[in-house]
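In order, the protein sequences belong to chains A and B. Everything in the first sequence is counted per my numbering, starting at 1 for the first residue and increasing by one. Everything in the second sequence is counted per my numbering, starting at 1001 for the first residue and increasing by one.
What the hints contain is simulated information worked out from the structure, not anything from laboratory work. Take every hint as true, because none was put in to throw you off.
Only pairs whose alpha carbons sit at most 25 Å apart, straight line, appear in this in silico DSS-like list of lysine-lysine:
#	chain 1	residue 1	chain 2	residue 2
1	B	Lys1171	A	Lys204
2	A	Lys51	B	Lys1171
3	A	Lys51	A	Lys17
4	A	Lys6	A	Lys70
5	B	Lys1171	A	Lys203
6	A	Lys51	A	Lys6
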Amino acid sequence: MADLNKLYQAILTGDQKTAVAVTEEALAEKIDPQVLINQAMIPAMNEAGAKFECEEYFVPELLLAARAMKASLALLRPLLAERGAEPVGRVVIGTVKGDLHDIGKNLVASMLEGGGFEVHDLGADVPAEKFVAAVREKNPHLVCMSALLTVTMPAMRTTIQALKEAGVRDQVKVMVGGAPVTPDYAREIGADGYADNASSAVKKARELLAA
Amino acid sequence: MASGRTILTDGAWGTELQALGLGPDELPDLWNLSHPERVEQVARAYVEAGSEIILTNTFRANRLAAAGRASEAELAEVNRAGVAISRRAAAGRARVFASIGPSGKLLMEGAITADDLRAAFAEQAEVLAAAGADGLVIETMSDLTEASIAVAAAKATGLPVVACMVFDSGKNRDRTMMGVTPEQAAAALAEAGADVIGANCGNGIAGYVPVCARLRAATHLPVWIKPNAGLPELEGGRVVYRTAPEEFARWVPDLVRAGANYIGGCCGTTPAFIRAVRAALEEACA
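In isolation and in its complexed conformation, chain A is listed as follows:
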């Protein structure tokens, strides 16, 4: 019988090969994908995130865990789609205009995908209009903006303003983050949430969608 604990360990340690093998085994045994997700995969990602937050894990370990999670999820997705299971939420994410830094944003996108979100990544240096267009087109629950530079942070405010002017601000939650961004700044510009790192971003995203 497929070993859920082995799947948990494989994802936690970023062992993609084992994660995929155990997932395949479990599927062959007709184990409910939701059981795999809820009892092994999400707890493993939560633990990886906790290790990252207490700085026992660094970016490489987190990326490897997210990669193993995504590989397992890819196997389950057809089954989930068959039974009409919706993703946890739809997210549009990007680094704001003027800012070319995308490592942090990519990490958040990976963690959100690992957390079961459907993620539409707009890339870096994304103008406000592009965020607005993506909200219209993808109908996300959540818009995530990243900025690494103190001088590009104001583009977050501009983007929120553009969402308002386009009349779509109320249909989404807005979450912001990046090295220079603070909870105070997030409040000041009218964002709904702030996350300090890629792991807390997943928690915050769930929290915002539950609200």
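Position chain B relative to chain A; hints supplied.
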């Protein structure tokens, strides 16, 4: 490249150029072509403040970091102009070490390969060397594989190579974002061919004293330290760095005792910081 006394390097360029009107969404390196006189003004201010080594405004002028902002031919021009500007400002009073920053991409995410990195760094290093740089500085690195590739590419030009990483993560702020320790950095960067190893940027100068001591203990190579002026904050729409020049300079004797052979500043530091560091170094040696 080691000598008995500590050598004074320069301070920040990006934040100085912003003070001269560089916009937040402009690539600073492109100013080498569009506003060479302002770039030279920054370089000259450091020479006048006492910098014995100044860098160049070429941190992002490689085809990965500047992707989509400039053509390869334009980047070669930017790099050549960067060396020429610093050389003019130095006017024989300071050596010119050309700056090479990270690609801005993570190798392990798979969007770029080691060969892409090798090609991009080799291309930039060759242009900088041909333009007459006295040395090359690989700086602000987080990933040891990328840093090692950059060092090897720089070393192939025959110039002296400084390699430094950003230690700003982990409980003790003594790891890079990718989890690299000072000891791991010292071993791998030396292995890759660096002549000087060190730390730049980070979380301010105080945290770099223990990092410097650990680099010193892990290597026989000279150690290069360029901390930032603390983390930037936004105040009424303006970016401010909280550390004052005198406060920064107060840590200089500690850095010298911890084994620093080269001292300067990163983001938020200005010619006033370099003057204050020079005064502290003179006092320490008197």
